[in-house]
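Construct the entire structure; sequences and hints are all you get.
Going by the working numbering, the residue at position 263 of the sequence shown is 263; the numbering climbs one at a time, nothing skipped.
In case anyone wonders, no lab produced these hints; they're calculated from the structure.
Don't take every hint at face value.
Claimed, not checked - Pair by pair, the computed Cβ-Cβ distance ranges are:
(1) Thr277 x Gly122: 44 to 54 Å
(2) Thr121 x Leu39: 19 to 29 Å
(3) Thr181 x Arg134: 27 to 37 Å
Glycine included, C-beta positions come from ideal geometry on N, C-alpha and C.
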Amino acid sequence: MTCTAPPVLPETGAARVGAAALAWLSAHREEFALDAHALSAHGDVDTSWKPLGELAQVCGRVRERTGPADPRHRTAADLLDFAWRQTGEGRLFTALQRLEPFATYPLEVYAAFASAGLRHTGYERAAATVAGTRGWRATEQDPNRRLGVLNSERHSGIPRHGPLAPALRRTWLGALPEPWTFERAAGYTLTHVVFHLTDWGRTPEGVPPDLTGYLGHWLPPWLDTCLEGRAWDLACELTAVAASLPAPPDRALLREAWARLARAQHADGSLPEAGGTEDLPAPSGFRGCYHSTLMAAFAAALTTARLGETGTPAAKAPGTPAPGTPAPVPTAPVPTAPATTRSTPR
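Set out below in structure tokens:
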């Protein structure tokens, strides 16, 4: 399928990068397909269900944030339908529920589809039964993961098993840490905290004012650090965060980020997770670029939609604190050491 970018905010380069990324994802859709081991007790969730769920999450959001006449919209909708068919239109989630009743990943993957309007009532009934047990409520999870499960419960029609606020304040970002402690694991944690709070960019007002102010100060240097260190995957996630905060994004910041991401993108539309130079691109086999390419498509859709909504005047920096917002913790400068690829679940 040929996918060309519409003339949406061309100064950012985001639409062009996003369209090329979606074209690559469409050309490689079969590599997201579930294999014969997807329901095996020894199957690798990280190479089967996880990529498929990420494809669904991103394509659902791109479809929402682009108009019907936009080629990105059509490609994303087509990929979302492909991913849903891979699950037997939801039937395989019920099988997963029987195999691993207290695993949370089936619900988290299912919620990506449910948030896009694709539902299976039989699975939701089974999941609600398990989610009502003491065992489910007592499952030990990282705070960031708990935020994701709580959000997944909401999308799946299941009453949340606990409040968001305590889980948020136990995350790295929720503690408003010294900004020089930012590194790759913290970076992936903070981006997903924002994704969960904003429902993947749908509700910017979900970010509390103190986090908004903190990110307004420190997100730009963190993003610059990742771009300078050629950590393209994390840079895309941070760019998506910049387009998800309550305050309008800084156009100059995003324009520069997308120019550098465009230079890192391969001619076929793929974006390597990390590395490479303009003269010597990083290798990008499917496993080494599928997530960063997804994140490029996701961040591009949020960027173009958000800038289109905010109009043409110069915007405030992302996350500019509202009057009365506490000032960020005064700390040492952000380190300039390059960020690297992830080490935590995404």
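Report task. Would you pick out the hints that fail for this structure and give their numbers low to high? Result -> Structure breaks no hint.
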